[in-house]
Structure formats: structure tokens, C-alpha cells
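> Work the whole structure out from these sequences, hints included.
Chains as they are written, first to last, in my numbering: chain A, 27 to 141; chain B, 1084 to 1195.
Careful, some of the hints might be misleading.
[To be verified] EDC-like, lysine to aspartate or glutamate: derived pairs with alpha carbons at most 20 Å apart: (1) B/K1125 with A/D112; (2) A/K70 with B/E1128; (3) B/K1150 with B/D1110; (4) B/K1150 with B/D1138; (5) B/K1150 with B/E1086; (6) A/K70 with B/E1086.
Derived from the structure by calculation, the hints contain no laboratory data. If you're wondering where the values come from, they're calculated on a predicted model, not measured in any experiment.
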Amino acid sequence: EAGVAQSPRYKIIEKRQSVAFWCNPISGHATLYWYQQILGQGPKLLIQFQNNGVVDDSQLPKDRFSAERLKGVDSTLKIQPAKLEDSAVYLCASSLEAGGPYEQYFGPGTRLTVT
Amino acid sequence: QKEVEQNSGPLSVPEGAIASLNCTYSDRGSQSFFWYRQYSGKSPELIMSIYSNGDKEDGRFTAQLNKASQYVSLLIRDSQPSDSATYLCAVRGGTGRRALTFGSGTRLQVQP
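Structure follows, in C-alpha cells:
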């Protein structure tokens, strides 16, 4: 079974530029998550999708971050404009959800550097 | 108070010893608990999940859950140098937010 796919793996941009990340979850997983992980910290949820609907985006900085999951499969996370503090690893995860099981599986992540 | 707390370490144990990693959480309604291993520069890898009070064993790993004390632990028996990594405790909320809340992780070093 293929795991969670993400691209690109690395991205370097200047502040105020825009960037987009792509994620394809494990086949059949209804729930998709985007997390931000800053060095030395645990992942922090940005947004959760159940199929193509948003379940939780309470921690998403909506003035600069946006995400979509069209057709309930793959997803795109965008940052526009980027700030220096957005430098982090952006992790996508997926799980079966609904009644469970609730185990989440992570993709390899995208390491973003904002200069 | 942080929602999920872990000692940052490093926790240093000799090869072959038992490593004990601990985690406390604040949401008393939490029902699902997970341990992830994260090697430097890599993404988190799920190693254990536990849903009920008591112990759950999987190979060299044992997860322990005590909901009354709001405490989760991970024991690694016969520790190997390849176990050296950061171990993240994650808790799924009981109500409202269902996504995982992570601790900051405990760095484990297994000395050959």
C-alpha cells in the first residue's frame, strides 16, 4: 500500500513570495490533515479535512494560508505572502476516521525556508 | 499548562537497557493516544496506539495508559542504537477538536 505522498520535498523562497504544497493521502483515507512542525517542536495542526469538507481550521492563519481538497482526495496548501516565521516543515497526514481507527500516517513533509 | 507534556531529554540509556518515555495530557476526555518516532530530518512514524487503560505490547515496545492520572508511557525493551530518535506523544481530543495534539517530544540516545 502506497503511503502519503507530498511534493515538493524542499522549497526556498523569499519573504512576501507565495508557495504551494501538494499532498496525496493513502488510498481510501477520508481524513486529511496539514501540520506545521517548527524545529524542536511537535507538529501543530493547521487544517483538517473530512472528505472534501473542512472539519477544523481554527489554527490556520487565514490571512495568509489557504487549503483545499477538491474531490475529496489530494489537497493543496498555499501560503501567500510568506513570512520568515513560516520557515518550517509542512506535514500532510491521513487517516481512515469516521468511526475509526484513528491512526494517522504522515507523508515525508516539505521543508520550507523563507529568506 | 501545555496540553501534552513530555520531558525534552535527552534520555540516555545503554544498549540493551529499557528506555522509559513519559507523557501527561490535560484533556480528561481524550480517548486515543499514540506514540510516534521521528528520526532527524524525517517525518513522524507511528509505532504504537493505545485506547484503553493498561498495557499494550508490540514487539520490544509497550505502551501504558492511565486515564485517571492522565498519563501515557512508552517502554522500549532491549534498546538498540537504531532506537535513537525523538519520540512524540500524541493525543486525540475527546470532544471538539479530533486532530492530534502533540507533545514536543523526548530525544532518546542509546549508547552502544
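> With reference to the structure, classify each hint as holding or not holding.
These are the hints, each one checked on the structure:
{"no.": "1", "hint": "B/K1125 with A/D112", "in the structure": "19 Å, holds"}
{"no.": "2", "hint": "A/K70 with B/E1128", "in the structure": "16 Å, holds"}
{"no.": "3", "hint": "B/K1150 with B/D1110", "in the structure": "10 Å, holds"}
{"no.": "4", "hint": "B/K1150 with B/D1138", "in the structure": "12 Å, holds"}
{"no.": "5", "hint": "B/K1150 with B/E1086", "in the structure": "14 Å, holds"}
{"no.": "6", "hint": "A/K70 with B/E1086", "in the structure": "12 Å, holds"}
In this structure, none of the earlier numbered hints is contradicted; all agree with it.
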